[in-house]
Amino acid sequence: MVRVYDGTKIAKSDRIKKLVDHLYAKMPEIEAARAELLTESFKETENEPMVIRKAKSFYHILDKLPIVIRPLELIVGSTTIAPRGCQTYPEFSYDWLEAEFETVEHRSADPFYISDDTKKRLKAANAYWAGRTTSELATSYMTPETLRAMKHNFFTPGNYFYNGVGHITVQYWKVLEIGLEGYKEEVSRELASCNVGDANYAKKSRLLQAMLISCDAIIRYAERYSELANEMAAKESNPSRKAELLQIAKNCHNVPRKGAKTFYEACQSFWFIQQVMQIESSGHSISPGRFDQYMYPYYENCRKNGMTREFAQELIDCIWVKLNDLNKCRDAASAEGFAGYSLFQNLIVGGQDEMGMDATNDLSFMCITASEHVFLPMPSLSIRVWNGSSKELLLRAAELTRTGIGLPAYYNDEAIIPAMCARGIPYQEALNYNIIGCVEPQVPGKTDGWHDAAFFNMCRPLEMVFTNGIDLGEVASIQTGDLDSFTTFEDFFEAYKKQMEYNIELMVNADNAIDQAHAERCPLALQSMLMDDCIKRGLSVQEGGATYNFTGPQGFGIANVADSLYTVRELVFNQKKITLKELAQALKMNFGQGFDATSAKEIATQVSAQVAAQGQEVTPEMVAAIIKGVLEYKVPEGDAKRYKEIMDMIDDIPKYGNDNDDVDALAREAAYTYTRPLPKYKNPRGGIFQAGLYPVSANVPLGAQTGATPDGRLAHTPVADGVGPTSGRDLNGPTAVCNSVAKLDHAIASNGTLFNMKMSPSAMSGEQGLEDFVAMMRGFFDQKAFHMQFNVVDRETLLDAQAHPEKYAGLVVRVAGYSALFTTLSKSLQDDIIKRTEQAKFR
Amino acid sequence: MSDYRNTTGRIFDIQRYSIHDGVGIRTIVFLKGCALRCRWCCNPESQSFDIQTMTINGKSKVYGKDVTVEEVMEVVKRDMPYYKRSNGGLTLSGGESLLQPEFARDLLHAAKDLGIGTALESMGFAKYETIETILPYLDTYLMDIKHMDPRKHEQWTGKENTLMIENAMKIAKSGMTNLVIRVPVIPGFNDSVEEILAIARYADSLPGVNKIHLLPYHRYGEGKYAGLGRDYLMGEVPSPTDEYMEKLKAAVVRETALTCQIGG
Numbered sequence: 001m002v003r004v005y006d007g008t009k010i011a012k013s014d015r016i017k018k019l020v021d022h023l024y025a026k027m028p029e030i031e032a033a034r035a036e037l038l039t040e041s042f043k044e045t046e047n048e049p050m051v052i053r054k055a056k057s058f059y060h061i062l063d064k065l066p067i068v069i070r071p072l073e074l075i076v077g078s079t080t081i082a083p084r085g086c087q088t089y090p091e092f093s094y095d096w097l098e099a100e101f102e103t104v105e106h107r108s109a110d111p112f113y114i115s116d117d118t119k120k121r122l123k124a125a126n127a128y129w130a131g132r133t134t135s136e137l138a139t140s141y142m143t144p145e146t147l148r149a150m151k152h153n154f155f156t157p158g159n160y161f162y163n164g165v166g167h168i169t170v171q172y173w174k175v176l177e178i179g180l181e182g183y184k185e186e187v188s189r190e191l192a193s194c195n196v197g198d199a200n201y202a203k204k205s206r207l208l209q210a211m212l213i214s215c216d217a218i219i220r221y222a223e224r225y226s227e228l229a230n231e232m233a234a235k236e237s238n239p240s241r242k243a244e245l246l247q248i249a250k251n252c253h254n255v256p257r258k259g260a261k262t263f264y265e266a267c268q269s270f271w272f273i274q275q276v277m278q279i280e281s282s283g284h285s286i287s288p289g290r291f292d293q294y295m296y297p298y299y300e301n302c303r304k305n306g307m308t309r310e311f312a313q314e315l316i317d318c319i320w321v322k323l324n325d326l327n328k329c330r331d332a333a334s335a336e337g338f339a340g341y342s343l344f345q346n347l348i349v350g351g352q353d354e355m356g357m358d359a360t361n362d363l364s365f366m367c368i369t370a371s372e373h374v375f376l377p378m379p380s381l382s383i384r385v386w387n388g389s390s391k392e393l394l395l396r397a398a399e400l401t402r403t404g405i406g407l408p409a410y411y412n413d414e415a416i417i418p419a420m421c422a423r424g425i426p427y428q429e430a431l432n433y434n435i436i437g438c439v440e441p442q443v444p445g446k447t448d449g450w451h452d453a454a455f456f457n458m459c460r461p462l463e464m465v466f467t468n469g470i471d472l473g474e475v476a477s478i479q480t481g482d483l484d485s486f487t488t489f490e491d492f493f494e495a496y497k498k499q500m501e502y503n504i505e506l507m508v509n510a511d512n513a514i515d516q517a518h519a520e521r522c523p524l525a526l527q528s529m530l531m532d533d534c535i536k537r538g539l540s541v542q543e544g545g546a547t548y549n550f551t552g553p554q555g556f557g558i559a560n561v562a563d564s565l566y567t568v569r570e571l572v573f574n575q576k577k578i579t580l581k582e583l584a585q586a587l588k589m590n591f592g593q594g595f596d597a598t599s600a601k602e603i604a605t606q607v608s609a610q611v612a613a614q615g616q617e618v619t620p621e622m623v624a625a626i627i628k629g630v631l632e633y634k635v636p637e638g639d640a641k642r643y644k645e646i647m648d649m650i651d652d653i654p655k656y657g658n659d660n661d662d663v664d665a666l667a668r669e670a671a672y673t674y675t676r677p678l679p680k681y682k683n684p685r686g687g688i689f690q691a692g693l694y695p696v697s698a699n700v701p702l703g704a705q706t707g708a709t710p711d712g713r714l715a716h717t718p719v720a721d722g723v724g725p726t727s728g729r730d731l732n733g734p735t736a737v738c739n740s741v742a743k744l745d746h747a748i749a750s751n752g753t754l755f756n757m758k759m760s761p762s763a764m765s766g767e768q769g770l771e772d773f774v775a776m777m778r779g780f781f782d783q784k785a786f787h788m789q790f791n792v793v794d795r796e797t798l799l800d801a802q803a804h805p806e807k808y809a810g811l812v813v814r815v816a817g818y819s820a821l822f823t824t825l826s827k828s829l830q831d832d833i834i835k836r837t838e839q840a841k842f843r
Numbered sequence: 001m002s003d004y005r006n007t008t009g010r011i012f013d014i015q016r017y018s019i020h021d022g023v024g025i026r027t028i029v030f031l032k033g034c035a036l037r038c039r040w041c042c043n044p045e046s047q048s049f050d051i052q053t054m055t056i057n058g059k060s061k062v063y064g065k066d067v068t069v070e071e072v073m074e075v076v077k078r079d080m081p082y083y084k085r086s087n088g089g090l091t092l093s094g095g096e097s098l099l100q101p102e103f104a105r106d107l108l109h110a111a112k113d114l115g116i117g118t119a120l121e122s123m124g125f126a127k128y129e130t131i132e133t134i135l136p137y138l139d140t141y142l143m144d145i146k147h148m149d150p151r152k153h154e155q156w157t158g159k160e161n162t163l164m165i166e167n168a169m170k171i172a173k174s175g176m177t178n179l180v181i182r183v184p185v186i187p188g189f190n191d192s193v194e195e196i197l198a199i200a201r202y203a204d205s206l207p208g209v210n211k212i213h214l215l216p217y218h219r220y221g222e223g224k225y226a227g228l229g230r231d232y233l234m235g236e237v238p239s240p241t242d243e244y245m246e247k248l249k250a251a252v253v254r255e256t257a258l259t260c261q262i263g264g
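First to last, the sequence lines map onto chains H and W.
Sequential numbering of the first sequence, starting at 1, is according to our numbering.
Sequential numbering of the second sequence, starting at 1, is according to our numbering.
Because the hints were derived from the structure by calculation, they are not lab data.
All of these numbers come straight from a predicted model, not from anything done at the bench.
Mixed in with the good hints there might be a few duds.
[As the list claims (entries may be wrong)] Result set (DSS-like, lysine-lysine): computed pairs, CA atoms no more than 25 Å apart in a straight line:
#1 W:59 to H:577
#2 W:84 to H:784
#3 W:59 to H:641
#4 W:152 to W:247
#5 W:59 to H:835
#6 W:170 to W:159
#7 H:184 to H:258
#8 W:77 to H:784
#9 W:59 to H:644
#10 H:644 to W:61
#11 H:497 to H:588
#12 H:577 to W:61
#13 H:641 to W:61
#14 H:391 to W:170
Construct all of the structure, not just a fragment, from the sequences and the given hints.
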């Protein structure tokens, strides 16, 4: 069967520009209502089962949270009164926010306004949570070695350590079909079938009751919007807006309580679910998934009944605006790692249906058009590409790429589906995959993938090989032997693998500790109801109720490790031009390029530890003197010359990203040191660990915690981005980079790999430019690569945007698995984006 | 391994992911040595067959390397997935590839053996008998015609155009390749409407030829002249404006049956 679709463009309505302008008129603001309501409710429910307490607090929040219908909205439901504002979630953690009260408005990445009144109210509410957060419980579950490894920056599980988990695609389609009343019936039936004598009765019955409370909470919330719309309609003098408000009132009365009858109702129902999921918990990457597929029946039906494509487009555009209305305040360090106010709500179109047929429909095109109309970072629009993809759709997607918005990202069915099957997912379900957050594939409505479980810095274990496990003057990792003991490259590589395995196990310990804490302190009834197979199993998602469970922490720094290993193999062991000790010294001295403040502090810590170990007192004056000494230190001329020689030798040998089979093979091996050990570990939900290879934007802040590396990377500069080459090291053009990347084993990294590519707009000009672009992406995918995304802006534009941010408030760039407004990023991340090589060169 | 894969030739560059020289994504192999000395030439390092040292940005680099067909193909075949998806392939450029006819032929032959599409950028400066040996392996011939007046041609390029003009007709009549005529639009040399039209009318008269490309003069090569210790004879001449190029295109479209595109 061949589907017929209409991919013609639709003009943007005036309303959309006004909605966007309203949304971005002011800096986003932190509000206190949710934290207060949550705490009020919790104080009333001491000693009740946690899942009930959570559900009751959810009801209380939705019953009392201030609501607003913004001017001209057609789709309603806002978590804060302030546009793009955010609520706080003290049940996960709150210390960091209180510590940053005075700086959060002025920090470089993702600033938020916070009023004095809000600070006071939050402080009062937060006080209740001392000793009750998931983060505190998680810490208590971690071993001392794990805490030490985190202190030494081997990995950071910051995401779920301090926040909710999110990272899920729930059964939107089922809500659209049967409504929450349908769910209530199903849950009630299940509850009725439980016997009080069942072993799991206590747990299961309370979870099911909590689901019923959660349904009522949302129905009540929607009804409040219905009432508000009616009130506003009564006062509205403009007859057309009045009619719109009356329609909104009707919609909110009907959905998500009942199944959707029209496309408009389906849009409103979808939105409420998407929004309240993010009130229930602070987890980001709540991903709408295959929106073009599950919305299509409503679209098709309404089209038959006379709905215009223009109206449908306007509704989709309105949802796109709303997706940008949601926001989240992270701690300063995480904000750098996830820069750009992003919530990573990944929405994917195209690909195949469960029968393996091309799934492209009108809505696939309209979603692309919506991103063009709204031109904002959310949703993280994605395209599934397969051998039978509609060329028309890919060319249309390429047109969006050409605008420079960094959307959509492209995903390869032909690599992803087999990779999922290898993890035990049945083929038909894998055919229906969608992407969570940045690049993480999974089965919608069935998988709890814990996809962003940690960032693992693959460069740090390499540093430990050189220092024999010592960092900042203390033992920080296992000892793998003196450098003298490595007589072959294999010895050296073996030591690296041991350092990796040791720290990977500690990361698993950290993740499982956090996992356990979420199960105990934050079971989420609504999310669980919307996921197979929690109702039947009587377990929340957090307790392993989902059909498929994984933990997916991501490793990064492959390019640096590959190039470093190549340096060691070629220059030390094969050509014998430098000794390992010399190299170690060059790294320690940052190749003679001087020390920054971070290095000075690190050295001072190290020296202080040595002094203290000798029983002497360490005074602040002493530390200050050491720091000053380090900063003023000049490398002796003879040493400086040798460091320069070493650096030149490193520069002259081949690097990853140039389609050099020798280096690329080493990159593949380097990736295996991370991807291979992981699947032997299990999580408390009964699933396994699976590796991802991507850093989001953490390659910048985590690079700032990494010393110089043998690939010639200076201390504290960014680590390579995604699975791509080190910035500026790729010299043979985009196809060579693509080939290098494609030579990695992507299938084993089944939690996703991320490949960022920057393109000059001139490389995509004209119809032929689009064709060539699609051809390049497909040539890359033909080699079993996983994902590809693009920044199409020229260097001059970005430099100018840095100098004159006011002129570029709306400039969206692709950061990592998502796009963000360039001017909201920190200076160092901006620099990194600018530095990523512009691929297309012209003669 | 067949013998032809051992044929040796001299190249000065291989450029992957070229999207402006022939259809689709292409790899361009630049053969060293040229018979002409066009004043505007943007690849002066291509002109001499000798291996040369050029200084760019303070770093000296050697241009010219003797390689076998096999060695070149090692690079060319790396981008086969992209050729396949884009109908792209190998393009030989120069210099004038026909000055190394066996090498050029064998490169094209090797590409065809792998199912890779082929193109040649050349002004046809060789005996037709030589060109004939190449045609069986050539999908697209991108042929430069710079001027119709033999005197002016000689003044600006060092050689008369008679041989090349005749070859164009013979190649077209052979019907063995898709012939496309390309015209570098050089201010002060051939950029009047009449001069461009003279070339276009001739192109239109070539049997089977229906495309002409107008390539605006650019100064990308300027720095290389200094690097080779040579003077840049074009001086400060600016590139033709977009409007002017459009005007030339309009004239070509009006006066001939050719489709005309600006740029490669």
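Any hints this thing doesn't respect? Which numbers, in order?
Hint 14 is the one this structure does not satisfy, whereas the remaining hints hold.
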